[in-house]
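Student: As given, the protein sequences belong to chains A and B, one line each in that order.
First residue of the first sequence: 1, per my numbering; consecutive thereafter.
First residue of the second sequence: 1, per my numbering; consecutive thereafter.
It is worth saying that the hints were derived from the structure and are not from the lab.
The beta-carbon is built from N, C-alpha and C at its ideal position, and this holds for glycine as well.
One or more hints might be untrue.
[To be verified] Stretch-level coverage of chain B by chain A, calculated; a stretch enters the list once three of its residues show a Cβ under 8 Å from a Cβ in chain A:
# : region
1 : 8 to 17
2 : 31 to 39
3 : 45 to 57
4 : 64 to 78
5 : 95 to 105
6 : 154 to 164
7 : 216 to 226
[Unchecked claim] Beyond 10 Å from chain A on every Cβ pair, some chain B residues (computed):
#  : residue
8  : N2
9  : K3
10 : F60
11 : L130
12 : A168
Now for the letters of each chain:
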Amino acid sequence: MIQSSFAERNLRILFPLPAIIFVALLMIFPVLYTLFLSFTNWNLTSGMPLSFNGINSYLRVLTEPRFLHAVGRTFAFTFFAVVIESFLGVAIALILNRAFVGKSIAKLLFLLPLVATPVAVGIVFNLFYDPTIGLANFVLKSLGLPQGLWISSAGSVIPSLILVDVWQWTPMITLIVLAGLAGLSEEPVEAARVDGASEWQILRYVTLPMVMPVILTAVILRLIDALKTFDIIFAMTGGGPGYASETLNIMGFKYSFEYFRMGQSSVILVALFLIVFLCSLGIMKLRASSEI
Amino acid sequence: MNKKLITNIFFYLLVVAIALVVLFPFLWMLASSFKTQVDIISWPPKFIFSPTLQNYQKVFGEQDFLKYFLNSTIVGSLAVGLSLVLGLPAAYSISRYAQKKLAVFILLARLMPGICFLMPWYIIFSRLNLMDSYVALVLSHMLIALPIVVWIMSTYFNSIPREMEESAMVDGATRQYAFWAIILPLSGPGIITATTLSFIFSWNNFMFSQVLSMEKTKTLPIAVYNFVSYAEVDWGGVMAAAVAIMAPAIILTMIFQKYVVKGLTMGAVKG
């Protein structure tokens, strides 16, 4: 009989152990530390030592209009961006889901926005949006429409930022749905066609239901990322004008690294963490129940 | 017959239109990077102009761009390399022992907002005198790369039949030897996918580097962002900088297109 070694018997724990320790140190510990700080009034610039103030930071931040607006803005940005990206992304995937000349080039093009550095993308769109020299106003003018202020006005800054997000991330949904469509079996479609179903009926009652789990997962992945959008907003507006484009992520960043009010920033971060965590739980549940 | 031709023409027009929308910001960025300041700020915008290299000369000459480029490369390579070292055995264990909870645990790092770790890191790394150090930056970027490696590789290992290592183990090899000598050599495509994708995400990362790096370890996205802040109106230079930072990620994507698509779509489509 061969006696297996200690290492071999405990491989299921030993192999992932370094990764587990790493994630615990770099993620779990910091999150707990943030939770701890949220019950203090620590301010790095005041020079005062850290002291507990119970839920005072919570009371202070959670009732502040600036915070409540940031929460609303985060949800509004995420909702509109993801809804537009989902419809456009699925529609484009359905259009491209056939053999055609240049399909591989088209797919390569769709990859490019996904790998483009977000900060640089934001800067390029800043040039588009420039009210005096930008292409955006040139297009409006050429169409005989009134020109806009884009990211320079509180009224239009969020839609302008959503447009950038839509440009960059719609291809993600398209590519995922395309891969899902490619994995479907042909038989149900053929059977429906033999039974005399129209193309629209096949799409509505056969193809879409079959690919729906993939679409849902793509949308929820996108949703979680959209809630955390930081780079383009920070690079394009820094949360401005005023606070007009300040999402939770941006507000947390400013409280942490511009005002150094660590106690209050921790409250913002705990709120953001909970929002994203609950959404993530949702995706896990969904994946588990639909066996995607 | 005629109807089919019209449908086809319509289809290709649509594809070209979509492709133009996707491509246009890149083309405009590229074009602007070869324009003089006068051409950029002229109204209406100029579509035809005589190209100049002065923006690139300025960016690569006056700025320490090569240093930032090197910093991005060092941080990305080390973060990805170390993530492979930690992530490959973890992914193997998740795949072979069906450790779903462990997979979710590591995946949380991909789902949770980075700023929730960044604020405490800032405090901790300051205390440890690790601000503006490669150590802090590489550790932070590993939290980007590791979940990608684990996710992609555990899926990839699932596609390798267990018989591969089990037959070696029947012959007396240990499981860890079989992993090293049999499974890893079969994992080339998966490792290429994981490496390319996690390197690109590290390369593009802005928030972690913005806080943790200063003059010594500054990476490209920070350099480009700073370039905008103090050269607000120099659009040509800014566009040249944007081209310089995007080019490596785009070239990598073109070379490893097949792998990148696979990695990006793996999140939703098993296989």
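Student: Taking the earlier hints as the rules, which of them does this structure contradict?
Tutor: 2, 3, 4, 6
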